[in-house]
Amino acid sequence: MDTAFIISASAHAALIALLMLGGLFEREPLPAPSVADVTVLSEEEFAALTRPEIGDPAPEPEVEPEPEPEPAAEPEPEPEPEPTPEPTPEPEPAPEPEPESEPTPEPMPEPEPAPSEAPDLPIAPSDSPRAAPRVSSVPEAPAPPEAETAETRTDAVDPDPTAEAPDPVEPEAPAAPPETATEIVTEDADPGTTVAGAAPSTSARPRTRPARPTPPVETPQTPARTAEAASDNVQSAVNDTLSGLQDMAETGAALGAPAGPPLSFGEKEAFRLAVRRCWQVDTGSESANVTVSIRFEMTPDGRVVGDSLRQTAASGGSDAAIRSAFERGRRAILRCQNENGGYQLPQDKYAHWREVEVTFNPTDMRMR
Amino acid sequence: MGLPRVFRVIALALAATPIALPAMAQDGPLRIEITEGVVEPLPIAIPTFVAEGPEAAEWAERITQVVADDLVGTGLFRRISSDAFIAPVTEFTPTVDYVNWKAINAQALVTGAVSVASDGSLTVKFRLFDVFSDAPLGEGLQFQGGQDGWRRLAHKVSDAVYSRITGESGYFDSRVVFVSESGPKNDRSKRLAVMDYDGANMQFLTNADGLTLAPRFSPEGDRILYTSYETGFPQIYQLDVGSVTRIPLPVPDGSMTFSPRYAPDGQSIVFSAAINGNSDIYRLQPGGALTQLTNAASIETAPSYSPDGSQIVFESDRSGTPQLYVMPASGGEARRISFGPGRYGTPVWSPRGDLIAFTKQNEGRFHIGVMRTDGSEERLLTASFLDEGPTWAPNGRVIMFTRESAGADGQPALYSVDVSGRNLKRVDVDGMASDPAWSPLLR
Numbered sequence: 001m002d003t004a005f006i007i008s009a010s011a012h013a014a015l016i017a018l019l020m021l022g023g024l025f026e027r028e029p030l031p032a033p034s035v036a037d038v039t040v041l042s043e044e045e046f047a048a049l050t051r052p053e054i055g056d057p058a059p060e061p062e063v064e065p066e067p068e069p070e071p072a073a074e075p076e077p078e079p080e081p082e083p084t085p086e087p088t089p090e091p092e093p094a095p096e097p098e099p100e101s102e103p104t105p106e107p108m109p110e111p112e113p114a115p116s117e118a119p120d121l122p123i124a125p126s127d128s129p130r131a132a133p134r135v136s137s138v139p140e141a142p143a144p145p146e147a148e149t150a151e152t153r154t155d156a157v158d159p160d161p162t163a164e165a166p167d168p169v170e171p172e173a174p175a176a177p178p179e180t181a182t183e184i185v186t187e188d189a190d191p192g193t194t195v196a197g198a199a200p201s202t203s204a205r206p207r208t209r210p211a212r213p214t215p216p217v218e219t220p221q222t223p224a225r226t227a228e229a230a231s232d233n234v235q236s237a238v239n240d241t242l243s244g245l246q247d248m249a250e251t252g253a254a255l256g257a258p259a260g261p262p263l264s265f266g267e268k269e270a271f272r273l274a275v276r277r278c279w280q281v282d283t284g285s286e287s288a289n290v291t292v293s294i295r296f297e298m299t300p301d302g303r304v305v306g307d308s309l310r311q312t313a314a315s316g317g318s319d320a321a322i323r324s325a326f327e328r329g330r331r332a333i334l335r336c337q338n339e340n341g342g343y344q345l346p347q348d349k350y351a352h353w354r355e356v357e358v359t360f361n362p363t364d365m366r367m368r
Numbered sequence: 001m002g003l004p005r006v007f008r009v010i011a012l013a014l015a016a017t018p019i020a021l022p023a024m025a026q027d028g029p030l031r032i033e034i035t036e037g038v039v040e041p042l043p044i045a046i047p048t049f050v051a052e053g054p055e056a057a058e059w060a061e062r063i064t065q066v067v068a069d070d071l072v073g074t075g076l077f078r079r080i081s082s083d084a085f086i087a088p089v090t091e092f093t094p095t096v097d098y099v100n101w102k103a104i105n106a107q108a109l110v111t112g113a114v115s116v117a118s119d120g121s122l123t124v125k126f127r128l129f130d131v132f133s134d135a136p137l138g139e140g141l142q143f144q145g146g147q148d149g150w151r152r153l154a155h156k157v158s159d160a161v162y163s164r165i166t167g168e169s170g171y172f173d174s175r176v177v178f179v180s181e182s183g184p185k186n187d188r189s190k191r192l193a194v195m196d197y198d199g200a201n202m203q204f205l206t207n208a209d210g211l212t213l214a215p216r217f218s219p220e221g222d223r224i225l226y227t228s229y230e231t232g233f234p235q236i237y238q239l240d241v242g243s244v245t246r247i248p249l250p251v252p253d254g255s256m257t258f259s260p261r262y263a264p265d266g267q268s269i270v271f272s273a274a275i276n277g278n279s280d281i282y283r284l285q286p287g288g289a290l291t292q293l294t295n296a297a298s299i300e301t302a303p304s305y306s307p308d309g310s311q312i313v314f315e316s317d318r319s320g321t322p323q324l325y326v327m328p329a330s331g332g333e334a335r336r337i338s339f340g341p342g343r344y345g346t347p348v349w350s351p352r353g354d355l356i357a358f359t360k361q362n363e364g365r366f367h368i369g370v371m372r373t374d375g376s377e378e379r380l381l382t383a384s385f386l387d388e389g390p391t392w393a394p395n396g397r398v399i400m401f402t403r404e405s406a407g408a409d410g411q412p413a414l415y416s417v418d419v420s421g422r423n424l425k426r427v428d429v430d431g432m433a434s435d436p437a438w439s440p441l442l443r
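Chains A and B supply the protein sequences, listed in that same order. Take the first sequence: its position 187, counted from the start at 1, is 187 in our numbering, and no numbers get skipped. Take the second sequence: its position 92, counted from the start at 1, is 92 in our numbering, and no numbers get skipped.
If we strip away everything but chain A, and leave its shape as in the complex, we get (with noise of 0.2 angstroms):
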């Protein structure tokens, strides 16, 4: 028994040691995986790029890094790759300053969707049209998950104009060299790097639209990458901050402050000659001296506040013919939406309509 006892008290003490052992080992080296991510990431696009170079630059649209910033560029990204990515690559080799650069970039957010997906890369270049997107693929970005990446990618195809912008920056370099391999690791290990190189190559990487081919793709992958190894959680907070002012600009607009682009000339035009057929100017009497301003709410179906009319301002007569002014401009506005059933108004700009201001100025048609 003792023996017994003793074989299996050291067994158990030795199987807790390992448990404590292992619980140390697998805390610690959780960081370490992250970055180990990145690395298997360049390989793959490593792959990727050898193969597909020409077509797929298209698939580029990784984008989902941190495109957000520099969506403006990305736009002109775009375009040129739907064309025919893969003709236009080629190309760019041959210009080495600027392809070099370009392909590099672009290469790179696609890396990533690359290597789980090399067949991706053709859906790239259709992606990369929707650069419309770019919202969603900001919102990946933040997912430093690589697998999700792979995922996102696919969705977010369209991000890549904007993932692309960024990524060019700094792909360009050193993914210029084909070789890459290991440069591609090296990326991923200045995730710093990339992202400040984001900022000014979007602006630049528009035009090389040549370099677009380069579909070298994987580059894209390292600024993702980049952004996750380097700061993930800054990137998070970018991205949320982000996120933050779309919702801040859409409840602003439900508080007073309009969202989304205010009436079209014709909207507005429209909505006045509407209220100017009701508005009966009597010429001849004192109130046709007066300019008098209206204001009042409206509803969402295009109808009047009946009790929210008040004049704001007035000018240019006596009380009693500024007070007719008023009544005038009142009855134009009441009796013009009743013709109407409400005055037609894109009720998708209620924000910029849900208040109204109208002046009554008669003086074109004073008596001279």
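In case anyone wonders, no lab produced these hints; they're calculated from the structure. Treat the hints with care, as some may be off.
Stretch-level coverage of chain A by chain B, calculated; a stretch enters the list once three of its residues show a Cβ under 8 angstroms from a Cβ in chain B [unchecked claim]: (1) 6 to 19; (2) 356 to 363.
Some, not all, of what chain A presents toward chain B, calculated at C-beta under 7 angstroms [said to hold, decoys possible]: (3) S287; (4) V305; (5) S324.
Glycine included, C-beta positions come from ideal geometry on N, C-alpha and C.
Assemble chain B onto chain A, guided by the hints.
The following block gives chain B in isolation, referenced to the frame of chain A:
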């Protein structure tokens, strides 16, 4: 750590943008400016006033008709036919069903009621509604008077409605004195007559023995100045409207006096006097004090005070042709205000003080026109073979004048026109009429 800081800075910068953007996009409400509207009569519903008692039915009908005629006659209102009414008005209530009136596009609604008291006096009540504002326009009012004055009761209602809608005082409860003419053109008799502004209730103030011209109401409407040729010489008389008695004005011996007009205070009188062949303008003050206001070799006549009594506009040919001049009420240097082609005469200062009406003869045609008191913005409102002698409605909105047709059978008649040049129409007067002068609003 450097990078995170960079991001933080960027994040902060971005965070600030969305707040600024909306402000840049639009500040405050949607603003539009309308500088051109439509000029058309305002649709108004005037259901027959409710008769409170069978004996009031006829009065209600007649009073309602006069109210409608008054308002429509201005050219500013269009009465909606009762056939269009969705529901008849059978009670004089403080509220109405606005929906029914909006449906027929009535912008204003006048409801009223008429009752006859045991002593025969009439009581007229009315309310005015701003249909599209779903609210009454002012409070209800009522007027009471004898049956003889039923038209005045109607005019009072019309004035109140007009005033509330236009912001200006009315002119319906007013009278017009004029020269009623009869006989052939070469032997015409002329005598003073007075009527309601719309031609009703005409009465003669003088007999047909003498030739009378240019009557003018006093600011209170209780006296009339006019020129009579009954002595062979033009002589100014003052007629008391209440007693229909007259007295000649004390003027320089041997002078011909004409073209009189009261000062705004109703006490002083300005007129033209031809002494030794030269016409100038004089002022006669209470007590008989006479002051010569002009002293020129030319003909100065047709003086008219500004509403504030500080200036006088008159006609003079000192420049070679009759033109209009303005001088201080106490006399002194006059400045010419008419510079257009043709001849200008009979200027009359508007009760509002902003315009001067005049007669203009140019290229064989006569016009009634208006201009600013400085002579600017001259506008001719009419044109015909012979238009002359403008007089302002008490609110300065309408001008009445004489129009005479051409030819041996030409006859004078009274016409009125809105100061905007619209709504030119003939005043319904029995017989030939000329030289109108509008009274102030009656009280």
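Using 7 angstroms as the Cβ threshold, decide whether S324 (chain A) counts as touching chain B.
Holds: closest Cβ of chain B sits about 3 angstroms from S324 (chain A), inside 7 angstroms.
Between the region 6 to 19 of chain A and chain B, are there enough contacts, at least three residues with CB-CB distance under 8 angstroms, for the coverage claim to hold?
Answer violated; 0 residues pass the 8 angstroms Cβ test.
Hint check: is the beta carbon of V305 (chain A) less than 7 angstroms from a beta carbon of chain B?
Nearest chain B Cβ about 12 angstroms off; hint violated.
Is the listed coverage of the region 356 to 363 of chain A by chain B valid when you require three or more residues with a beta carbon under 8 angstroms from a beta carbon of that chain?
Satisfied; 8 residues make the cut.
Residue hint S287 (chain A), partner chain B, criterion CB-CB below 7 angstroms:
Interface hint status for S287 (chain A): holds (5 angstroms vs cutoff 7 angstroms).
Of the numbered hints listed earlier, those contradicted by the structure are 1 and 4.
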